[in-house]
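These are the residues of each chain, in order.
There are 2 protein chains.
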Amino acid sequence: MGLNRYADHAVAHKSPLLNAMTHGVMNGGKRVRALAVLAAGELNGAATPALLTVAAALEYIHAYSLIHDDLPCMDDDDLRRGQPTVHVVYGEAQALLAGDALQTLAFSLLASRDVELSANTQIRLIRELARASGAVGMAGGQAIDLYHVGLSLSQTDMQMMHQLKTGALLHASLVMGALCGEGDVNEPIDALNLFAEHLGLLFQVVDDILDASQETAVLGKTAGKDDAANKPTYVRALGLEGARDYAQSLYRSALAALTPYGERAQRLADLAAYCATRVY
Amino acid sequence: MGLNRYADHAVAHKSPLLNAMTHGVMNGGKRVRALAVLAAGELNGAATPALLTVAAALEYIHAYSLIHDDLPCMDDDDLRRGQPTVHVVYGEAQALLAGDALQTLAFSLLASRDVELSANTQIRLIRELARASGAVGMAGGQAIDLYHVGLSLSQTDMQMMHQLKTGALLHASLVMGALCGEGDVNEPIDALNLFAEHLGLLFQVVDDILDASQETAVLGKTAGKDDAANKPTYVRALGLEGARDYAQSLYRSALAALTPYGERAQRLADLAAYCATRVY
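Same order as they appear, the protein sequences are chains A and B. Its first residue numbered 1, the first sequence is counted upward by one per residue in the UniProt record's numbering. Its first residue numbered 1, the second sequence is counted upward by one per residue in the UniProt record's numbering.
Take these hints with a grain of salt, some might be off.
Identical copies go unnamed one by one, so any copy, or any two together, can satisfy a pair.
Said to hold, decoys possible - Pairs of lysine to aspartate or glutamate residues, derived as DMTMM-like cross-links and limited to a Cα-Cα distance of at most 20 angstroms, are as follows: (1) Lys231 to Glu92; (2) Lys14 to Asp207; (3) Lys225 to Asp76; (4) Lys30 to Glu182; (5) Lys225 to Glu197.
Just so you know, the hints here were simulated from the structure itself, not pulled from any lab data.
Build out the structure end to end from the sequences listed, making use of the hints.
Here it is, written out as structure tokens:
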């Protein structure tokens, strides 16, 4: 991704910040958010270069959230996708700053002179990303999650927490991809919203299933952490089989939501299939 | 500042995140960045409502940086402006997230539908803020600073580090204030850039002087920390008297830079005077 494109040479060599940022981004992630941007952009005839910029911004936000989540004061994880986490390699201070700077870089990318989108569209994209990742989005969900470790959370509140923590950014990825296109954004957005809702839930339920059933070596991160941390999960609420059934029904609902789009939605359908069947 | 304006009611009551954010923002700060926005906006005939939004965005970025700087893995400070720091009150995880969400909120504010600025101006403001606060700005400077605790840093590199760590955001405050106005932005920017350079340095030199000479009770934060942490400072480089002389000459240079503006620059001159004479 050539992160050092964004840093002055002299600055870059005076601290390990850029290396820490790169380590956090280039870690073999599944790029689900980037795929969502591209798939939704295709619906709306969006140009690939703009979509790639938007996809990178989403992945930077996701990477920043993982770097911060892995810190000792948060989830305290040493392993991410089979690699040592950023703070293990570069220390906590540089990891914290790397997350901070990746968030900034995401907004910087969307506001860049080089993106071939109108200023109006750029502003809409930034508004969408900010809403999805801030206090009423990803960060808000993470705050609720960590505040309730060891405490009980109702099924409704758990759903809301996940909707914020992972659903909001996935949802934003789809909407932002669509916003890059020339088609009428309001027409497909309703069906896309419905699809996004099911996809977000599906993603989280499968995450919980994998954490409870998969081995660390396959998962690339410490398995069984949710249970060990006494976290509310869908497996805890529904049992392993119940969670699997729920995931299947969410997958079917996601596909059904795509009906109005016909063949234009093939890549979105593929994305849902991937989310339903992934093993890590 | 009514931060809960930005949070959904239901979300707001499920974690202390919003309170942590408010604690970090409403801490009796000097609001130097906000004053810089307003003073530079006046140069260019900018409307007050837009300036207040931009000023709030700058203060959110500044507040996020302080919350993160105070964390145990960074400067590890319990006291900020005479109050316990955010992580002391709300725990490290909520403090980390509060900083994250305040950064997001800053960009969200600048992209808001409610700001009476063109989309083009909003994008320029966001670009400016992102550059000043990211890896080649504030976060980059902070990374260099922390990486060199206990190590030596040349006078040139120390100047660069401070330019990034505090100068860049102060500079951005002035440029962003001017961008909100209707006057030709390019005309005053040269003189403004020169003023910003002197003001940023002045601010930092006075910071070092106060850290070395003022008492904790007046400072509102732990005095003598730079020395205890073995940090490179202007007092260490020039001695206390030398640093005071340097501050005076920077103040005179800042005022001289304002000459082209005449009376329109009165508030900028006041700001420089305040930065030169502040006691905390």
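Hint-by-hint comparison with the structure:
Taking CA atoms no more than 20 angstroms apart as the test, lysine 231 paired with glutamate 92 passes between copies only; the shortest distance there is 19 angstroms, against 24 angstroms inside one copy. In this assembly of identical chains, lysine 14 and aspartate 207 lie within 20 angstroms of each other by CA distance neither inside one copy nor across copies; the values are 39 angstroms within and 23 angstroms between. For the identical chains of this complex, lysine 225 and aspartate 76 are intra-copy neighbours only, at 10 angstroms inside a copy versus 28 angstroms across copies, given an alpha-carbon limit of 20 angstroms. Within a single copy, lysine 30 and glutamate 182 get their C-alpha atoms no closer than 28 angstroms, and across copies no closer than 46 angstroms, so neither meets the 20 angstroms cut-off.
Proximity of lysine 225 to glutamate 197 under the C-alpha cut-off of 20 angstroms is found in neither arrangement, the shortest distances being 25 angstroms within a copy and 49 angstroms between copies.
Violated hints for the displayed structure, listed by number in ascending order: 2, 4, 5.
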